[in-house]
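**Q** One-letter residues, chain by chain:
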Amino acid sequence: MVFLEFEKPLESLYEQLETISKVGEKGDVNVDEAINELQAKIKNKREEIYHNLSGWQKVQLSRHPNRPFSLYYIKNMCDQFVELHGDRNFGDDKAIIGGLGSIGGQTIMFIGHQKGVNTKMRQYRNFGMANPEGYRKALRLMKMAERFNYPVVCLIDTPGAYPGLEAEERGQAEAIARNLFEMAQLKVPIVCVVIGEGASGGALGIGLGDRIFMLENTWYSVISPESCSSILWRSWDHKEEAAEALKLTAEHMYKFGLIDGIVKEPLGGAHTFPDETVVILKQHLINQIQELRSLPVEQLIENRIEKFSQMGEFDE
Amino acid sequence: MGWFKRLKGGINTTTKQKKIVPDGIWGKCSKCGAAHTTKEFKENSYICPSCEHHQRIGSVDYFELLFDGEWKELFGKLKSKDFLKFKDLKAYNDRLKSARKKTELNDAITVASGTINTLPIVIAAMDFRFIGGSMGSVVGEKIARGIDFSRENKIPFMIISKSGGARMMESAFSLMQMAKTSAKLSQLAKAGVPFFSLLTDPTTGGVTASFAMLGDINIAEPGALIGFAGPRVIKETIKRDLPEGFQTSEFLLEHGFVDIIVNRKDLKEQLTTLLTLFKAQPPVLKPSNGHLNGTTKKVAG
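If you read the sequences in order, they're chains A and B. All residue numbers for the first sequence refer to my numbering, where the first residue is 1106 and numbers rise by one. All residue numbers for the second sequence refer to my numbering, where the first residue is 181 and numbers rise by one.
Just chain B, with the same shape it has in the complex (with noise of 0.2 Å):
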């Protein structure tokens, strides 16, 4: 028995609320191991000064680096089930209990709409701290729900993947998310409404192999891992060490997988340019009376 009954539960502020970062806390780079302060971390969006390694940040980090100041939250009462009743180690319920406690999320996707230099834009962004960013039943409803808004309202589409794959304590249920998704993105392709996917580290699983490689424009975040398979699984089943640099974004725009790699201070200009050219309409082209009688007038080469 302690002398003293804590009362309170530890700090109350929710992350989504805390805007003031100070200057004095220390991070270290993941790649690296620099250090620097959060501070610095934060006006170099999160890239490491040392080393130019793009740290993995959430949904809501990618909110504030790309849209104008506000942004609206879509489909955010959406919450996991255990509908599976699924135990491993641990129960599913318990692992979404947690990761939500952790996280102040309801899952692994915030989508959002709002503008990026007044174009206005939906975003879908993934959070790998909720169970690994993985892709179950809440993940592809909200996706799906996204992509509806952006074909009915006529509004470019984009979800920054940041996830293992599907959700196994899901099971079938998250495999089909692949397929959903996919399908609705067929849809929006089909409404003429530009999607882009911007792949981070790290990009594997049932999320590269549906979603993530549908892009009109494929984007990458340098140094990004980005696969099908695991490189574990890839090393076991070919008994020998994979390349120097074997399923990074570099990889992938090397053979042809992806359009652009985006240094992340550089991602709101580069969006914002591809919003501009999407939106540009060409002047109505009829055919002119001259064009019918055949007498257009012949471009050479």
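Pulled out of the complex, with its shape left as it was, chain A reads as follows (with noise of 0.2 Å):
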């Protein structure tokens, strides 16, 4: 396990659940009381801390090690998932994934960006900053869906686009303009979930949809709190005030109403208990496709368009 700075008094207590357990397993002493009295404490200390996150904690939560990514979440929610390869185009790009996988009985094209669970893997995926590929590749796959009539799943967990020279030469900005563009129209629900990161275009490259959810320690915004800080700061030294500043957090874009709800985590968050956020995960996911396919597709794409279109504060 890996603890945050504000993370830091679970360690201890988790070290001595850890110590009196072993104590247990031995089974010279009785600590079922001692266990008991433990994980109480911990119960509490989570509460403490997790229900009092400022933005950046959160934006900090978000890219905690242990946070489950998009492959982690599809290949334990489906029965069955089957990864698909690139765009048909240039290339396969590593940090968005795709595949056909099914939730009882029904076929679901999953999209996400993905991050590397190791320095190896992290520099492999490109640390979940996608290249134009990569939406190309999305974009292959969500016709796909389309032609077959399979809702559309996608998972966002990116700190950005990547910007590379190659990026801007195959047209980083058109890929992801392209994608808004069609996902608009795509005659298939599509649920879009923040599952880690929402960084600015990069991110809304695979999240226009029907239904837009954030998981409860997520944040989504139209810049990263760091680059925020260098810009308008002019240093890099002001990510927490820039991370207030954009009001980035789950709860702030649910008020906004610039996202249709909060997926909750359990308590102590999606990074200590991943397998519990996957049922969470996997249950929201079947609801939402049951409501969305309810609808006839015309009014599907007018009230999907209908919904950004109504997002702005101005006065008039």
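The hints are simulated quantities; they were obtained by calculation from the structure and are not laboratory data. There could be a bad hint or two in this list.
To be verified - If the Cβ cut is set under 7 Å, some of the chain A residues that face chain B in the computed set are:
1) Ala1289
2) Gly1306
3) Leu1337
4) Asp1420
Quick caveat, the model's predicted, so the values are computed rather than measured. All residues carry an ideal CB built from backbone N, CA and C; glycine is no exception.
Got two chains here, separate frames each, mind docking them using the hints?
**A** What follows is the structure, given as structure tokens:
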């Protein structure tokens, strides 16, 4: 387990629990009471820590190394899953994955940003920063889903689209723009969930759908707090302030009407309870897809466009 | 304490009303630094007579260059507000106030309907001087309404992009304008109304990654900076120098993301041609009996 700065009070409690459990396993002493006591302490501590998180702390949690990534959710949710590769044009992006899976007999097209679980894999996945071929692979798969009338689920978790030289050459901007344009008119339901980081156009590039959700400990904004700090404060030191100013938490986003709901994580977060979070998300997706399935296609598309058309605050 | 109190705050004529360009005032090319009179610049479509560099100009300048005389501004009353109470080194509200004062505009985009050589068109033109032409709720909403207006009246639509990207001070609201404008453009496309995107210096970030790249025809002014990420960010990411001409209009044309590069002096004429081509209706082709009977003439080749 990795403990973030503000999670540190939990670390010693976990250590104590482990030691006592080991003693208990030997069978010499009855440790049940001590264990219960410690577990109650842990629960209280968790409530204390996770119920009052600042914007920046949520950002840190969204990047927690133990947090599950797209493939973890998909593989554990689906009865079957086949990953599909390539944009049929340039290559196969490793930062966006996709494929066909099934949940309870329903075939679903899954698409998601993918981060790596260790140093080597993080590099392989380009830290979840997609190149244009990633967005084009996503679009190819969505178009396929449309042909076969399968709903699309997009899992968002990226620090941004890759700002590289080749990405520009191959049209990063065009790839994202094209996805927005095509997703607006896609004739099957699209459910998007921010499962980690939702940074800017890189996130939105697979983020236009009928329903948009955020897991509890995630963020979604136009820019990362670090970049925002460097541009507006002209220094990297104001990331905490930037995170507050951007109002990027799920609570804010829901209050603003920019997302349709928050998917609660177990107390302690998805990084502490990945499998429980998988179950919660799975049930949530089943419900959403079922609801959206009942709408006629024209209505679905009209609602989708109308929903985004309503977003904006101004005086007239 | 001064002896005199200034009763009037300087020049009161708004830029909008200012029509006459005095001959004697000199301007400097932002690229080569050559000095020319403002009259010379204006008569040359704000292109430097020395180096052909296209100077950054505002929405009204474009309207003057393109429309036949009159145009009608649409949705001009929309105003940004600081609903997030966003504050960095400066409060967003103060930024808005000073931008409005400086530019005499309500926001970074102006939408107008008019004609180009008698052909109707709706143009939404961005103003870089208003907080870097950044896209917030108002820019998104005005584009969305402009598209609706075009769609309902079946008038071709054009956006002149000139922007650093999304407006950070409106956070996720500005991000969602990318989705909003692109979704609206998909409706325009479905209705069969053409959309021209003119990319000018600079067009970057969320603006490029939404409507600016979605033209039926993507047109760029020569030498404009066009990209997703800013050059500085890319340089920091890849840790080496960027090649000459990277992210210019010519670079985008070469890589297949722009249809044509048009000199500003030829823009009106080029648009006239395009509007005429899009307006031209094919004769109604109905399958003749012969066709149904399979006796149509086959054309070789």
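**Q** If a hint holds in the structure, say so; if it doesn't, say that too.
**A** Going down the list of hints, with the structure as the test:
Evaluation of the A:Ala1289 hint against chain B yields a held restraint, the C-beta minimum of about 4 Å falling below 7 Å. With a least beta-carbon distance of about 4 Å to chain B, the hint placing A:Gly1306 at the interface is held under the 7 Å criterion. Restraint check, A:Leu1337 versus chain B: the minimum CB separation of about 4 Å is within 7 Å; hint holds. Taken as an interface hint, A:Asp1420 checks out: its beta carbon lies about 4 Å from the nearest beta carbon of chain B, inside 7 Å.
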